[in-house]
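S.K.: The residues making up each chain are set out below.
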Amino acid sequence: MFRLRDKYAIAGVGETAYSKDSGTTVLNLAVEACLKAANDAGVDVKDVDGIVSYNFGDSAPAMAVATALGIPDVGYAVDFAGGGNAANLITLSAAAAMEAGLARNVLCFRAMNGRSGFRLGGGRQMQARGITQHTAPYGWITYPQAMAMWARRHMIEYGTSAEHLGQIAITFRDNAALNERAMQRTPITMDDYMASRFIVEPFRMLDICLESDGACAVLMTDAERARDMAKPPVYLMGGAYGGGPNQGEDLFDAIRWPDHSKNYAAFIADDLWASAGVGPKDIDVAEIYDCFTYSVIMQLEGLGFIKPGDGGPYCASGAIARDGALPVNTHGGLLSEAYIHGFNHVLEAVRQLRGEAGPGQVAGAEVALTTAGAMTCGSAMVLRN
Amino acid sequence: MNEFSKPIPVADADSATYWEGCREGRLLIQRCSECETLRFPPNRICAACHSDKVKWVEASGKGRVYSWIVVNHPVPREVYGDDVPYAVALIELEEGVRMVSNVIGCDPHAIAADMSVEVVFESGGEGVVLPKFQPMAG
Ligand SMILES: [Zn+2]
Chain A
1 MFRLRDKYAI
11 AGVGETAYSK
21 DSGTTVLNLA
31 VEACLKAAND
41 AGVDVKDVDG
51 IVSYNFGDSA
61 PAMAVATALG
71 IPDVGYAVDF
81 AGGGNAANLI
91 TLSAAAAMEA
101 GLARNVLCFR
111 AMNGRSGFRL
121 GGGRQMQARG
131 ITQHTAPYGW
141 ITYPQAMAMW
151 ARRHMIEYGT
161 SAEHLGQIAI
171 TFRDNAALNE
181 RAMQRTPITM
191 DDYMASRFIV
201 EPFRMLDICL
211 ESDGACAVLM
221 TDAERARDMA
231 KPPVYLMGGA
241 YGGGPNQGED
251 LFDAIRWPDH
261 SKNYAAFIAD
271 DLWASAGVGP
281 KDIDVAEIYD
291 CFTYSVIMQL
301 EGLGFIKPGD
311 GGPYCASGAI
321 ARDGALPVNT
331 HGGLLSEAYI
341 HGFNHVLEAV
351 RQLRGEAGPG
361 QVAGAEVALT
371 TAGAMTCGSA
381 MVLRN
Chain B
1 MNEFSKPIPV
11 ADADSATYWE
21 GCREGRLLIQ
31 RCSECETLRF
41 PPNRICAACH
51 SDKVKWVEAS
61 GKGRVYSWIV
71 VNHPVPREVY
81 GDDVPYAVAL
91 IELEEGVRMV
101 SNVIGCDPHA
111 IAADMSVEVV
121 FESGGEGVVL
131 PKFQPMAG
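Chains A and B, in that order, are what the protein sequence lines are. Here the first sequence is numbered in the UniProt record's numbering, starting from 1 and rising by one per residue. Here the second sequence is numbered in the UniProt record's numbering, starting from 1 and rising by one per residue.
Honestly, the hints are just simulated from the structure, not real lab data. Values in this document were obtained by computation on a predicted structure and should not be read as measured data. Some hints could be false.
[Stated by the list, open to error] Covered by chain A, according to a simulated footprint, are these stretches of chain B (three or more residues, beta-carbon under 8 Å):
hint, stretch
1, 8-22
2, 59-69
3, 72-79
4, 95-108
For glycine and all other residues, C-beta sits at the position ideal for the given N, C-alpha and C.
One chain only, chain A, in its complex shape:
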């Protein structure tokens, strides 16, 4: 279990504009976000000695970014091969690396030309070898196709409905309307949702996240140093990564997963809350990985905010709205702000805890949750101000 409660902190955040076509390289996006994060913390980037990221072979390697930033002495540079599941794993690993003495100031980033370049929303490789010999020949190729299988099972098990999913999309769009960074800010109604065309049933277009070009970065350091930096520290209380047995051979493979009505979140909940020393009732704002609408339901259930099966009605009740019991995805999420593979959720949590979230600010937010992942593996953190 993660046991570095309050010892490390996020001291700076930085991001590029989010767009459909950045017009530049992923390396340049990464460098821009990292420089902004260091500047936000008031740290000379030459004093950064650790850098960590995650990608699907669609980004700039950590070492390349360190080189472009002119970092003189890199003690920790790691690229995790992973998708959204890794978004909170890199920050946990940065804390672990600092605890081990490998680095003192660590930049964590995700950079992608996810719309103009490598589009995750399209097909995976059309090869059928290894695990995909048992999936791809049946026309089961894209992430929306993979995850629709999970959403359907939740519907079978609990009666989760299109209206439940639709209200999640509507709620996040309402939040995005207040967020000038968001790529989709025009409010939508239930009629709009129902009229949105099916991509892969049970998913309509509005159940599926955006595709974006952009980059996000945070600068992490130990709590003591963070207190002397330019912005108030956001402390890392706890976190967890995992998903139990039978996670499969890659992110897509869930053939051996026993119960598709629950995802990784159910397996990391105990460690997450124990590591942070708080529970679901203590969370003021939650930035929940929303590559698809359904994943919000499974994560809220798995992490114990509500019991399995209640997620659809709960999300449709207004509880996850900005003025509800648990404000979720106050920036608009991957569905409406941008798809920076879940790392934009971390930045939003920091903004909320600093009181810098603008019109979308949740009054008095002191403890925030971020999550990352939608299927068999994922990660989460609890942050506080």
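Dock chain B with the ligand against the given chain A, drawing on the hints supplied.
M.R.: The following block gives chain B with the ligand in isolation, referenced to the frame of chain A:
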């Protein structure tokens, strides 16, 4: 439609017997010789007991629909444009293991949870035969 632009399964050391079985119209799954655990997809080592001793057993070919999707938007369009809407399902075989396949022989929108299905073998191109599933007769 260009049948051969679809992904053709590439057999490997673990799966060759399985694909050979499909060519013979038999759905073969592995059973650990030590602990009797059935497993799919095929691989070398039993995850339960780590034995590499394995028997191939012929599944009944009967199962149920555990979950399913209906693909409306073809990706890539040039390959699947003529096929949509088509159904992909997680099939739970009577024996207990699950596999991914297509449900054919019915309107994709007629598929329901726990629907009983049985295996039927279809060409997958280039001499490969794929196990697919259709609603159980009667
Ligand atoms: Zn065994």
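S.K.: Now tell me, hint by hint, if it's right for this structure.
M.R.: Going down the list of hints, with the structure as the test:
A count of 6 residues in the stretch 8-22 of chain B with a Cβ less than 8 Å from any Cβ of chain A is obtained; the coverage claim is therefore met, three being the minimum. Counting residues of the stretch 59-69 of chain B whose beta carbon lies closer than 8 Å to any beta carbon of chain A gives 4, which meets the minimum of three for the stated coverage. Here's how the stretch 72-79 of chain B fares: 5 of its residues keep a CB closer than 8 Å to some CB of chain A, so the rule of at least three is met and the hint holds. With a threshold of 8 Å between beta carbons, the proposed coverage of the stretch 95-108 of chain B by chain A holds, since 5 of its residues qualify and at least three are required.
Going down the numbered hints, you'll see the structure goes against none, and every one checks out.
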